[in-house]
Amino acid sequence: MIDNVEPLSEIYETSDSYIITMDLPFITDKNQIEIYAKENELEIIATMNRKVYWSSFEGFGRKG
Amino acid sequence: MVVHLEYYDVDVVELEPLPPNLIAIEGLPDIGLVGVISSFHLIEKMHMKPVAYFKSVALPPIQSVKMGIIQEPMAAYSDGKLLIITSEVPVPASIVKNLSRTIADWLYEKRVSFAVSINGYPTQRRIEIQKPEVVGVSNSEKGLEILKEKGIKPLEEGYLAGIFAELLSLLKDRNIDAYAIIAESFPTYPDPGAAASALEALSKLLDMKIDVQELLEKADEIRLNLKDLSAKATQNKMEAVPSMYR
Chain A
1 MIDNVEPLSE IYETSDSYII TMDLPFITDK NQIEIYAKEN ELEIIATMNR KVYWSSFEGF
61 GRKG
Chain B
65 MVVHLEYYDV DVVELEPLPP NLIAIEGLPD IGLVGVISSF HLIEKMHMKP VAYFKSVALP
125 PIQSVKMGII QEPMAAYSDG KLLIITSEVP VPASIVKNLS RTIADWLYEK RVSFAVSING
185 YPTQRRIEIQ KPEVVGVSNS EKGLEILKEK GIKPLEEGYL AGIFAELLSL LKDRNIDAYA
245 IIAESFPTYP DPGAAASALE ALSKLLDMKI DVQELLEKAD EIRLNLKDLS AKATQNKMEA
305 VPSMYR
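Residue numbers (the numbering used here), protein chains in the order written: chain A, 1 to 64; chain B, 65 to 310.
Everything labelled a hint here was simulated from the structure, so no lab data went into it. Misleading hints may appear alongside valid ones.
Capping the alpha-carbon separation at 20 angstroms, the derived lysine to any residue pairs in SDA-like fashion look like this [stated by the list, open to error]: (1) A:30 with A:46; (2) B:291 with A:36; (3) B:296 with A:51; (4) B:174 with B:78; (5) B:291 with A:39; (6) B:282 with A:47; (7) B:282 with A:11; (8) B:291 with A:50; (9) A:30 with B:218; (10) B:296 with A:7; (11) A:51 with B:285; (12) A:30 with B:288; (13) B:291 with A:38; (14) B:291 with A:18; (15) B:109 with B:73; (16) B:282 with A:49; (17) A:51 with B:283; (18) B:291 with A:15; (19) A:30 with B:191; (20) B:296 with A:11; (21) B:217 with B:204; (22) B:282 with A:24.
Just chain A, with the same shape it has in the complex (with noise of 0.2 angstroms):
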């Protein structure tokens, strides 16, 4: 089973703003999204609204 699992993001940056975009599969409520701006960092975390039964290491993956 996974834990955490590393979205797929773009940053783009304009003239006054940095825009994140993420893949977030199984987030369906802006409520399981969490975002915390610190200094040099920004920290979003997204808990799934199911579980995930795929084991992915390195070298081998085992679904189910």
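Given the coordinates of chain A, assemble chain B onto it according to the supplied hints.
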């Protein structure tokens, strides 16, 4: 910096004889994995079986396992009517040219009736789009008329880059009609919604019913499972494809 790119050969290994006049569908990893998602949806819904696979020393040393048996990750599947070419691994930049040529030669040898590539085109505002738009491209005047007849809007002007662009041209050289169906897609995320739109256009082109409801229902699972392939496909595309000045 000068990057020297080695080009590697690609071989086709056939598992069984194929009848002529199959309709070839190319859905190799590209923008939004629209082709891959569409291909595996068709393969699953139509209970297709592998009929050939592609080998190259440049492919990563990975094998899928299905029911205890290895399954080559870059393969062709068929149900006796369609011939779908797709991959569970990214296409390395070093085989894009040779893979395109190998596929074109193989489709010519197999006497397919025509070919369709399914792709995405990157759309920055995709998140605001409920139903991605689809455009079509053909490699012949006759094909363009068919696209219009089937209600698929032609891409008026632009440029194509990647295996499907190469295939359209190589198949034209071989007198095989070919089309590209291109759906608005997330630039770097797997996009089942774009695949659903592309399949709806494909169903018009082929005059066959394709149910996409299940695809949309499983969208989250698909996006999660294809996360790594999507990231690698995007990276490979950037390595393989130059910009074009217009």
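Status of the hints after comparison with the structure:
1. A:30 with A:46: 9 angstroms, holds
2. B:291 with A:36: 24 angstroms, violated
3. B:296 with A:51: 25 angstroms, violated
4. B:174 with B:78: Holds. Residue 174 (chain B) to residue 78 (chain B) sits at ~11 angstroms (cutoff 20 angstroms).
5. B:291 with A:39: Violated. Residue 291 (chain B) to residue 39 (chain A) sits at ~29 angstroms, over the 20 angstroms cutoff.
6. B:282 with A:47: This hinted pair holds, its Cα atoms lying about 18 angstroms apart.
7. B:282 with A:11: Violated: residue 282 (chain B) and residue 11 (chain A) sit about 27 angstroms apart, past 20 angstroms.
8. B:291 with A:50: 17 angstroms, holds
9. A:30 with B:218: 38 angstroms, violated
10. B:296 with A:7: Holds - the C-alpha atoms of residue 7 (chain A) and residue 296 (chain B) are around 14 angstroms apart, at most 20 angstroms.
11. A:51 with B:285: Status holds; Cα separation ~11 angstroms.
12. A:30 with B:288: 18 angstroms, holds
13. B:291 with A:38: 27 angstroms, violated
14. B:291 with A:18: Status violated; Cα separation ~23 angstroms.
15. B:109 with B:73: The hint is violated at about 32 angstroms.
16. B:282 with A:49: 14 angstroms, holds
17. A:51 with B:283: Roughly 15 angstroms between the alpha carbons, so the hint for residue 51 (chain A) and residue 283 (chain B) holds.
18. B:291 with A:15: Not OK: residue 291 (chain B) and residue 15 (chain A) at ~30 angstroms, beyond 20 angstroms, violated.
19. A:30 with B:191: Status holds; Cα separation ~15 angstroms.
20. B:296 with A:11: 17 angstroms, holds
21. B:217 with B:204: Roughly 15 angstroms separates the two Cα atoms, so the pair holds.
22. B:282 with A:24: OK: residue 282 (chain B) and residue 24 (chain A) at ~14 angstroms, within 20 angstroms.
Violated hints, in rising order: 2, 3, 5, 7, 9, 13, 14, 15 and 18; the structure is consistent with all others.
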